[in-house]
Each structure stands twice: as C-alpha cells, then as structure tokens.
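Asks: The primary structure of each chain is shown beneath.
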Amino acid sequence: MPLDTKTTGFKYIGTRPDRPDGIDKVTGKARYGADAYAPGMLHGVMVRSPHAHARIKKIDATKALALKGVKAVVTRADFPTGLEGEDWNIQENCMAGEVALYDGHAVAAVAATSLLLAREAAKLIEVEYEVLPHVTDVDEAMKPGAPAIRAGAADYSVPEGLHPNVMRYIEYGHGDLEAGFAAADLVMENTYKTEATHQGYIEPHACLAQLGSDGKGEMWVCTQGHWFIRRMSAAVLGIDVANLRVTPSEIGGGFGGKTTVFIEPVALALSRKAGKPVKMVMTRSEVLRATGPTSSSSIDVKMGMKKDGTMTAAKVTMRMQGGAFPMAPIDSALDCAFSCYNIPAVHHEGYDVLANRPKQAAYRAPGSPMAAFATESLVDEMCRALGLDPLKTRLKNASREGTKASFGPTFPRIGLVETLEAAIAHPHYAAPLGTNQGRGVASGYWMNWGGETSVSAALGEDGSVTVSVGTPDIGGSRASMALMAAEALGIPYENVRVNVVDTGSLGVNEPTHGSRATYATGLATIEAVKQISSKLCQRAADKWGIPAEAVIWEDGCAKPSGPNAGEFPPLTIGELAAEMGSTGGPISGHFEATPSGHGGSFGTHIVDVEVDPETGHTSVLRYTVVQDAGKAIHPAYVEGQFQGGAAQGIGWALNEEYIYGADGRLQNTVFLDYRIPVASDLPMIDTVIVEVPNPGHPYGVRGVGETGITPPLPAVANAVHAAAGVRLRSLPMSPPRILAAIKAKG
Amino acid sequence: MRYHTPATFENASAIAAAASGVTRFLAGGTDVLVQMRADIVTPDDLIDIKHISGVKDIVQEDDKCWSIGAAVAGAELTAHKGLCADWPGVIEGMGLVGSTQVQGRATLIGNLCNGSPAADSVPGLAAAGAEVSVVGPKGTRQVKVEDIPAGPGKTTLAKGEVISGIYLPPRGKGGGDAYLRFIPRTEMDIAVVGCAVNLRVEGDTITEARVVLGAVAPTIVVVEDAAKALIGSTLDDKALVALAAAASAACRPINDKRGTIEFRKDVAGVLARRAAKIAYDRARGAK
Ligand SMILES: Cc1cc2nc3c(=O)[nH]c(=O)nc-3n(C[C@H](O)[C@H](O)[C@H](O)COP(=O)(O)OP(=O)(O)OC[C@H]3O[C@@H](n4cnc5c(N)ncnc54)[C@H](O)[C@@H]3O)c2cc1C
Numbered sequence: 009m010p011l012d013t014k015t016t017g018f019k020y021i022g023t024r025p026d027r028p029d030g031i032d033k034v035t036g037k038a039r040y041g042a043d044a045y046a047p048g049m050l051h052g053v054m055v056r057s058p059h060a061h062a063r064i065k066k067i068d069a070t071k072a073l074a075l076k077g078v079k080a081v082v083t084r085a086d087f088p089t090g091l092e093g094e095d096w097n098i099q100e101n102c103m104a105g106e107v108a109l110y111d112g113h114a115v116a117a118v119a120a121t122s123l124l125l126a127r128e129a130a131k132l133i134e135v136e137y138e139v140l141p142h143v144t145d146v147d148e149a150m151k152p153g154a155p156a157i158r159a160g161a162a163d164y165s166v167p168e169g170l171h172p173n174v175m176r177y178i179e180y181g182h183g184d185l186e187a188g189f190a191a192a193d194l195v196m197e198n199t200y201k202t203e204a205t206h207q208g209y210i211e212p213h214a215c216l217a218q219l220g221s222d223g224k225g226e227m228w229v230c231t232q233g234h235w236f237i238r239r240m241s242a243a244v245l246g247i248d249v250a251n252l253r254v255t256p257s258e259i260g261g262g263f264g265g266k267t268t269v270f271i272e273p274v275a276l277a278l279s280r281k282a283g284k285p286v287k288m289v290m291t292r293s294e295v296l297r298a299t300g301p302t303s304s305s306s307i308d309v310k311m312g313m314k315k316d317g318t319m320t321a322a323k324v325t326m327r328m329q330g331g332a333f334p335m336a337p338i339d340s341a342l343d344c345a346f347s348c349y350n351i352p353a354v355h356h357e358g359y360d361v362l363a364n365r366p367k368q369a370a371y372r373a374p375g376s377p378m379a380a381f382a383t384e385s386l387v388d389e390m391c392r393a394l395g396l397d398p399l400k401t402r403l404k405n406a407s408r409e410g411t412k413a414s415f416g417p418t419f420p421r422i423g424l425v426e427t428l429e430a431a432i433a434h435p436h437y438a439a440p441l442g443t444n445q446g447r448g449v450a451s452g453y454w455m456n457w458g459g460e461t462s463v464s465a466a467l468g469e470d471g472s473v474t475v476s477v478g479t480p481d482i483g484g485s486r487a488s489m490a491l492m493a494a495e496a497l498g499i500p501y502e503n504v505r506v507n508v509v510d511t512g513s514l515g516v517n518e519p520t521h522g523s524r525a526t527y528a529t530g531l532a533t534i535e536a537v538k539q540i541s542s543k544l545c546q547r548a549a550d551k552w553g554i555p556a557e558a559v560i561w562e563d564g565c566a567k568p569s570g571p572n573a574g575e576f577p578p579l580t581i582g583e584l585a586a587e588m589g590s591t592g593g594p595i596s597g598h599f600e601a602t603p604s605g606h607g608g609s610f611g612t613h614i615v616d617v618e619v620d621p622e623t624g625h626t627s628v629l630r631y632t633v634v635q636d637a638g639k640a641i642h643p644a645y646v647e648g649q650f651q652g653g654a655a656q657g658i659g660w661a662l663n664e665e666y667i668y669g670a671d672g673r674l675q676n677t678v679f680l681d682y683r684i685p686v687a688s689d690l691p692m693i694d695t696v697i698v699e700v701p702n703p704g705h706p707y708g709v710r711g712v713g714e715t716g717i718t719p720p721l722p723a724v725a726n727a728v729h730a731a732a733g734v735r736l737r738s739l740p741m742s743p744p745r746i747l748a749a750i751k752a753k754g
Numbered sequence: 492m493r494y495h496t497p498a499t500f501e502n503a504s505a506i507a508a509a510a511s512g513v514t515r516f517l518a519g520g521t522d523v524l525v526q527m528r529a530d531i532v533t534p535d536d537l538i539d540i541k542h543i544s545g546v547k548d549i550v551q552e553d554d555k556c557w558s559i560g561a562a563v564a565g566a567e568l569t570a571h572k573g574l575c576a577d578w579p580g581v582i583e584g585m586g587l588v589g590s591t592q593v594q595g596r597a598t599l600i601g602n603l604c605n606g607s608p609a610a611d612s613v614p615g616l617a618a619a620g621a622e623v624s625v626v627g628p629k630g631t632r633q634v635k636v637e638d639i640p641a642g643p644g645k646t647t648l649a650k651g652e653v654i655s656g657i658y659l660p661p662r663g664k665g666g667g668d669a670y671l672r673f674i675p676r677t678e679m680d681i682a683v684v685g686c687a688v689n690l691r692v693e694g695d696t697i698t699e700a701r702v703v704l705g706a707v708a709p710t711i712v713v714v715e716d717a718a719k720a721l722i723g724s725t726l727d728d729k730a731l732v733a734l735a736a737a738a739s740a741a742c743r744p745i746n747d748k749r750g751t752i753e754f755r756k757d758v759a760g761v762l763a764r765r766a767a768k769i770a771y772d773r774a775r776g777a778k
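Heads up: the sequence lines are chains A and B, in that order.
Heads up, the first sequence is in this note's numbering, so the first residue is 9 and it goes up one at a time.
Heads up, the second sequence is in this note's numbering, so the first residue is 492 and it goes up one at a time.
Rather than coming from a laboratory, the hints here were simulated on the basis of the structure.
Everything numeric in this text was worked out from a predicted model, so none of it was measured.
Be aware that one or more of the hints could be misleading.
Said to hold, decoys possible - With a straight-line cut-off of 25 Å between C-alpha atoms, the simulated BS3-like cross-links for lysine-lysine are:
| hint | chain 1 | residue 1 | chain 2 | residue 2 |
| --- | --- | --- | --- | --- |
| 1 | B | 756 | A | 753 |
| 2 | A | 751 | B | 768 |
| 3 | B | 719 | A | 751 |
| 4 | A | 753 | A | 19 |
| 5 | B | 729 | A | 751 |
| 6 | A | 201 | B | 729 |
| 7 | A | 65 | A | 131 |
| 8 | A | 538 | A | 14 |
| 9 | A | 310 | A | 284 |
| 10 | A | 71 | A | 19 |
| 11 | B | 664 | A | 751 |
Said to hold, decoys possible - What follows is a list of derived Cβ distance ranges for each label pair:
| hint | chain 1 | residue 1 | chain 2 | residue 2 | range |
| --- | --- | --- | --- | --- | --- |
| 12 | B | 768 | A | 680 | 28 to 34 Å |
| 13 | A | 438 | B | 642 | 52 to 58 Å |
| 14 | B | 547 | A | 680 | 26 to 32 Å |
| 15 | A | 408 | B | 768 | 41 to 47 Å |
| 16 | A | 30 | B | 556 | 40 to 46 Å |
| 17 | A | 25 | B | 595 | 49 to 55 Å |
| 18 | A | 420 | B | 746 | 48 to 54 Å |
| 19 | A | 37 | B | 551 | 35 to 41 Å |
All C-beta atoms in this analysis are idealised placements derived from N, C-alpha and C, irrespective of residue type, glycine included.
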C-alpha cells in the first residue's frame, strides 16, 4: 500500500497528554486479571512437578476429591489427544503427559469453592514419579551422554550425528568468509554466555474461565493478545474458536511473556468438568518456575577488522536452549547478530536445543540481546586492541539505506547512522570519569513487526469518536491511538475514546508484540477514522448539493474544496454528527489488513559504571539511550519504552539469572533472589529520540518497544571492562564473578 | 490455626508452653506472615504480642541504658534522636531492613528470633553488648543477644519462652559503632555479608572493641581476633590489615545462590575495615 507519509505540521502528534487509562490505574480502579469475579466461581490451583525430569507413574486424587468443596480435578486425561506440532507443545506445556519435563511443570489441577481449600486439595493429590536424569545447561545438553529429552523429535534441518536434544539447525550467510578474514589486520574470536532471565512483569498470570458442556465458553484474562489466547486454548481443548469469547483485562506488564497460554486452557478444562466458572491466579513462584523466561545462550563470534576499523568478515554460532520444547529464538538472534554492520562476508549458524527448563516465551526482542552481547562485546574488544574509538568505528561500518543486511534483504531507510551521530555528539560521550569508573557503548537492532490487525471507529452523536482496537494497552497505546485519530480527524485528543475490545467484536488481531501496536494498530486507526471523515464529507456534499469530491475535511470540519465548489460555511464534526440519524444513519469506519511496511529500529546506548574493586559491586552512574522512533507519537511513552528497555537490560547484565541446583530445581523463585533492579539501583535514564520516518506508516512510526533492550548487555559489559580492566564474557556480571575476575587479573 | 492476644508476657509464655503444634509469636509479622503465605510455616498457634502493655515503649533508664519494647518498629527506632545518637550502628542495621512499608512493622526481636544468619540488626546488637529478657515457664532470665541464635531458623529459646524486651547498655564516653552489609543491589536484598564494629577510644587509641559478622556462618560470629587487632591501635594500616585478615579467617560460609565462599571471606575483610573506619570516626566525633 503506497502511503503518503506525513512527517511535519502535526497538531496532536508529538504532544504529551495524560494517558486516558492513567487515573484508573493510579487510583486502583483499573481491573486487572485477578479482579474478575463471577457468581458461583471456583478457584483453581495447579499441582506442579518438583522434579526437573520425571516419569509420571500415577496420579491419585482420591483424598483431594473427598474434601468437601472440591469440585473437580483435571489431568492430561481430560484433554484431547492427537494434537500436532506447536499445538501439541502448548498442550504438553500446559499439562504434562507421560513425563514432567521441568521443575514446576503442571501435572494436575484442582478446583474448589475457596482458594485455601483448593491449595489444601492440591497438596492432597498424590503423584508418583520415577525421577529421570536431567540437564539444564545448553552446552551440556548437546554433549554425548546428556539425557535425551525427546528423542526423535528433531526436524529435518538437523545434520546427522548431533545430540537428539538439538531440535533445529540453521545456517546461512553471504560473501567470501575466508577472503574476508584474510584481508583483516586483526581477527578475534570469543565465546559468550548469557543466562535465562524472566520478563519480570509485576502482574502474575490470571484468568477467569467458563466453559460449558456444549463447548461454548468465555474467558477474562490478563494477556498481550486475546486472539492468540483464544486460538491456543481452543486448540488445546479441541473446541471451535468462535465458541470461545475472550476479553482482555488491563495488563500489568508482559514484555512478550503474555503472548501464550499457561493456566488458561487448564482453567477452562476445570470449568467444563465442574460446571462452574473457575478463576486461576499464579503465585510469583509459579510465574518464575513455570511461565516462559528467555532462552539461555552460548555463542561463538569471530570477526575480522582492518587497522582503520573496517570490518571484513564475521561469523557467529549460536546455541540456545528454550526449555524442554523447540523454538528457542535462534532465528531472530542470528538475524540481529550483525545487523548493525555492512560486512562483506557473514556466516550464521544456530542450534535450537532442549533442556529441562520451562518453555521459553518471547521476551522483548527475542534473541537479539544475547546476539548483541556477543557481537558488541567483541567489537569493543577489537576497538581496544586497535586503539579505535568504539562509536566512530561503528559509524564507519554502520548499515544504512541500500546496505545488504547481514540477514539477506537490502535495508530501506533506517536510522542507525543518525543514532550514532547523536551519541557521538552527546555531552555524555565526552564527560569526565573518576577513579574506578568506565564508559561503555553498544548498538542494537530489532526488525519490528506488522501482523494481522483489525480496527473499528464509530462516530458519536456529539462528534466524539470511539475507536475499538484488539491490541491490549501495555505501554500507553490508547493514548497513541487517540493522538493519531485526533490528528487524522482534526478533533481534540479528549474527544477520542479508545477501547480494547473482546474477540467477538473485531476480526483477528495479533497481540501487542513485535513492537507492532503503534505501527499496525495505529495505521489501521488512521485508516478507519479517515473513512469517517470521508463519509462526513459525503453528508456535507449532500446537504450542499455539490459532489463529494468538492468537499474536503480540515480541522474537524467539512469545507468546500475551493471557490469553484460554492460558498458554504464549514460544517463541524459535531454539527454533522448531531443530524447523522436523519442524513443516512450511523457512521463508522473499519480497517483491517496485515500491514507489512513496518520499519526496523536501531539504538545506541552510552553507560558509565563504577566498579568497587574490593567487592566487585557495579553501580550504574549515568545512562543515555539514543534510538530511532521513526516518529514519536507520544514522546513521553516513547521515552518510557527506551528507559524500560535499558532498565531490564541492566538487570540482565548485572544480577538477573535463573539459578538451578544440582537437582535441576530452580533455586531463586522469588524476587528476593531473582534480582531485578530496584529503583535505587538505576540513575535517571536519559533519552534522545531520533526520528527517521518509516515510509511504511502514514506518520512515519517505527516500533520502539524492543530495540531498547538490545544494547544494554554489551554496553554494560564494555563499561565494566573500562572501569575494572576485566572482560566478562558470561552474564550476569554479579559481584562474585567480577571480584573473581579482578583477583585473577592480579 | 488459633490466634491469641495475651495481655502479659507471662500469659504469652503459658499459651506457648501449653501448645502442642507449631507455635509462632507475632510481632511485626514481616517474617511470619510472609512464611505463612509461602507455605513455609503454618502455625497451629499464633500468639500476637502487640496487645501487651509497654511493648511499644522506648525508655532510657536512669543508668542511661536503653530499654526497647518487643513491638517497637524499625521506623520508630530510626526516628528516635537519642537512640540514633548513642547507637547509630545498631539503628542503621535495623534501618536497612526492608522498605518503608516493612519498616512500619518489623521489630528488632523478630529479626533476632527469625533466626536468619543474615539478619541485619543482629550483628550491631551483639557488637553493642545488647541483652534481652526472656520470660518462660521457669521465670525470667537475661540473655546476651549473641547467645540467642542457634543456626538458620533456630534459637536457643526453650519451649514456652518469649522475649519481653531488649536492652542496650549505656553508651558512655568515646564510643562509636557502625554496621555495613554487602548486597548485589542497593535495597530490598538480603545481606551476603554483614559486619558490625563497636569500639571506644581514649584520644586516638582504641581501648575497647567488638567485631561481629553476619551471613558468613550458621549464626553471627563474634570475632575476638578482629577486636584484638583493633584494641591498642589508632586504626593504622597495620591494624586494618590484621582486622581484615581476622574477619576473613573467622568466616565459615557456604557456596550458595547468593555468593561463593571465597567472595564472602574477601568481602568480610573489606566490610570490617570500612565499618571500623566509620565507627572510629563516630567515636572521635562530636562526643
Ligand atoms: C520485603 C521484606 C524485606 C526484608 N528485608 C530484610 C532485610 O533487609 N534485612 C533483614 O534482616 N530482614 C529483612 N526482612 C525480614 C524481616 O522484616 C525482619 O527479620 C524483621 O525484623 C522481622 O521482625 P517482625 O517483627 O516482623 O517479626 P515476626 O515476623 O513477627 O516474627 C519473626 C520471628 O520471630 C519470632 N518472634 C517474634 N517476636 C518474638 C518474641 N517477642 N519472642 C520470641 N520470639 C519472637 C516469631 O515467632 C517468628 O519466628 C525483610 C522482610 C520483607 C518482607
């Protein structure tokens, strides 16, 4: 679709009004997943495997069912058989079949009249296990002798001779690698490791489900995408999607982790069996043990560079475990690994590996932060070795419009160069540093996404407009949609109300994921409200007795297009709306598509840290995010995304990790020991919004949600090196690891 | 579960002595309630001591000793000018516990009796020479703080015994104390190593000292050698090196998700030096 992208002269776009959902959220009125109640509602509780890998020999619920108030127990026997592919994976993850595949894997669930009773009953369900050998580390899982988690399940891509835990293999590249390395003055190669981290959303998964014996049901759920929830739940239960109506609640964070199902099909199954609505709410420990963290990774990177900083060749091998199921994000990790650079020869190899851990889920730019950690650390090491400025070296090699991307296609208009130039010019880059302090920089990329999108807009009798969208509002998207609708119609922001509606109200919408909502839902919103203005022009034309082509829409009014059209005073949206019932009936607009003009976003981060040489403790002193937003619809929420990405990346770099004991059990299942940064750990994160418009969006929008988490891992590692003189190639860079490295250096 | 609100410590003790199942006292509840919700402990008898008169009092006795009630919350201690002036190290240990919300409830005695080797107020109390009074079926006894912990989650209190108050000795002249802990973050974390130093100076010379470590052994460790390294010195480099070495040597830590043995030993020495400097400066300060 050719779009006439408007980039200047905005009235509402680029302003910072309060978000429409703000007051309800800060006063506690907004209803989240756990805030739903239904008459006769039961409470569901899951029984989970305490073992990392164990055959389920017997499940005996007699004692639980004997408790007064216990209404139903479900196991895998209550779900249909014969599912295939990812549907089977999802079903198996929601409720284990023959084997529990990780610590925390659901094996049964119970519904009772109170939560206390359900918890009591869950303890009375007796499960007999035969414990099997387990493996949790990605490199160990590929070694000969490692327990095979699902022998024979690997796909056609896996070369012979690899461990059966390798599920998929990817290889691609272009250019003459050997010639590239031969042309280099310096070739360096290192191995990097990252631990699994959790999205750390504050709101645990929660749903209220109702499913009748007739296969018709309803669900209220905290999710990033209710059509996904509907499709997956229907598949897991063997019912038709049209029979399941799903309404999203407000959402307390997702970051990719709420694009799939965990408890939802189980709550539906319990409801079907008990004949009552069933509510399920996860505890924090359940969230950490049994939802989808990121993959952990082990990465080899090799790069050739000339003395002047020109990159000549690069090669990456990526091993990722995504839990006991395939689909670790090796694809996007490899695509992002060298995306920042114009390198004549690149080669990518990836291994998707099983381990006895929970099934990974998307987490903000899946795979890209790990790839960036490896590549951008190595680039820093090479710049040090050659005495080069790390930002100018990046600029020298930067991808730009027309560059053949490392992952194949040719880049359209992109903004990496602009972010690098802004970072170099930023006072932060030249600010003095004290003792034990160091500065690191890194760049990163996310390709963003379009995806299935359906939006409706309806005109109210007073000229205000209701927009119905299918993408839950996680980061202020209602405000952005309202701004775009206001701009397109020329009416005040306050006169637009944006509702996130249920699966029965619109065509299929993909979740709020892939940084797509402001781009795709925004594009659809603009198109939908433009239908309203063109219908209003028609009504005005009818009234004036002139052709519709002779009427234009401007500043919220229909006007004659010029002197030849006739002399008529403008008709406001309010005037036209007030009489629409008698001029042809209700007016609405609708737009649906799978827009594919999304534009990738690049970012460059600068960070200063201080490392205590006696304890290995790292303090982040100053942080600047520079990122291309295409067009910042609501700059404050764009800045919020930049800051949030940096904050999560800092946590991943310094202290967050999944810690498994020798028994394969997760040891840190609460926020005390799963250490996300607290407010006092972070400085105010400075932001610079670069705007290189995306030609694929009417106002130039690129997604901004994910790119922000891609540079922090290497940026912090590079800063730690500068501050303490030690290079950490394994995350997290927790104090014991940094101190050990400092002592080893002597 | 039975919930009790006795009016005297003798009553509280009698209920606990008569109970047959799992018994917990409820002070601030910031450990007990959290453990109940996490299914770690499900008491059969929960004995709330907050209804006993005097449990919220902070009193300075005629001999300048401080008597602190069993339900005085962290926030009440950190806001108390006299206590902060006398025992800044003890109070800063308690002040590190949790957040503003937790500070509104958490107590010194709860921190002590929860039995965590990483409890933040306990090294400072022990370094100060604090004592508690214990009411039990056999009457009342005075016990030094360092004699209460018996290992992770355990105390030396016998069945039916309850602590009724805590006593800090008169500060006297030339005294100073300090507590430091190491955590990977800046707040809301559990000590990987904690160290309290309490000392007294005459002129520039240290005449008395106590050094207590937390989180490096099953209980807090009173490090006699570390105290010896300080006494008689002017906190010169030699004393600091000896202090750090003694502190590191006294550690009997484990490798766990929060830190390695080597790390804890190293950091114990570092914190001992840093805490000693603060205590020394305080001792020679305004007082
Ligand atoms: C979010 C959070 C953060 C925290 N951060 C820290 C921290 O940084 N550092 C730290 O050390 N702790 C921390 N804690 C733990 C806790 O807050 C402290 O241990 C606190 O001091 C406990 O006091 P309380 O009054 O709440 O104890 P309670 O929970 O009421 O009781 C704790 C234990 O002491 C026993 N007990 C209570 N009173 C008596 C008595 N009079 N006689 C005998 N036994 C008694 C109880 O039976 C129970 O076993 C944190 C807790 C939370 C929830």
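Asks: Against this structure, judge whether each hint is valid.
Replies: Tested hints:
Annotation: proposed proximity of residue 756(B) to residue 753(A) holds, straight-line Cα distance about 19 Å (limit 25 Å). Between residue 751(A) and residue 768(B) the CA atoms are separated by roughly 24 Å; this keeps the pair inside 25 Å, and the hint holds. In summary, the hint linking residue 719(B) to residue 751(A) is not supported, as the alpha carbons are separated by about 28 Å, beyond the 25 Å threshold. At most 25 Å may separate the alpha-carbon atoms for a hinted pair to count; residue 753(A) and residue 19(A) exceed this at roughly 58 Å.
Note on residue 729(B) and residue 751(A): the hinted pairing holds, with a Cα-Cα distance of about 22 Å set against a maximum of 25 Å. With a C-alpha separation of about 42 Å, the suggested pair residue 201(A) and residue 729(B) falls outside the 25 Å cut-off, and the hint is violated. For a cut-off of 25 Å, the pair hint linking residue 65(A) to residue 131(A) stands: about 17 Å separates their Cα positions. Among the hinted pairs, residue 538(A) with residue 14(A) is consistent with the structure: their alpha-carbon atoms are about 14 Å apart, no more than 25 Å.
Restraint check: the Cα-Cα separation between residue 310(A) and residue 284(A) comes to about 59 Å, which exceeds 25 Å; the hinted pair is violated. Only pairs whose Cα atoms come within 25 Å are accepted, and residue 71(A) paired with residue 19(A) is rejected, the gap being roughly 66 Å. Taking the CA atoms of residue 664(B) and residue 751(A), the gap is near 41 Å; set against the 25 Å cutoff, the hint is violated. At roughly 30 Å, the beta-carbon separation of residue 768(B) and residue 680(A) lies within the given 28 to 34 Å, and the hint holds.
Here the CB-CB span from residue 438(A) to residue 642(B) is close to 55 Å, well matched to the stated 52 to 58 Å. The given range of 26 to 32 Å is respected by residue 547(B) and residue 680(A), whose C-beta atoms sit roughly 28 Å from each other. The hint said 41 to 47 Å for the Cβ distance between residue 408(A) and residue 768(B), and at roughly 55 Å that hint is violated. Distance hint for residue 30(A) and residue 556(B): a CB-CB separation of about 53 Å, inconsistent with the stated range 40 to 46 Å.
Between residue 25(A) and residue 595(B) the Cβ separation comes to about 36 Å, which falls outside the hinted range of 49 to 55 Å. Checking the proposed 48 to 54 Å range against residue 420(A) and residue 746(B) shows it holds: the Cβ atoms sit about 52 Å from each other. For residue 37(A) and residue 551(B), the Cβ-Cβ distance of about 48 Å falls outside the hinted range of 35 to 41 Å, so the restraint is violated.
Going down the numbered hints, you'll see the structure goes against 3, 4, 6, 9, 10, 11, 15, 16, 17 and 19, while the others check out.
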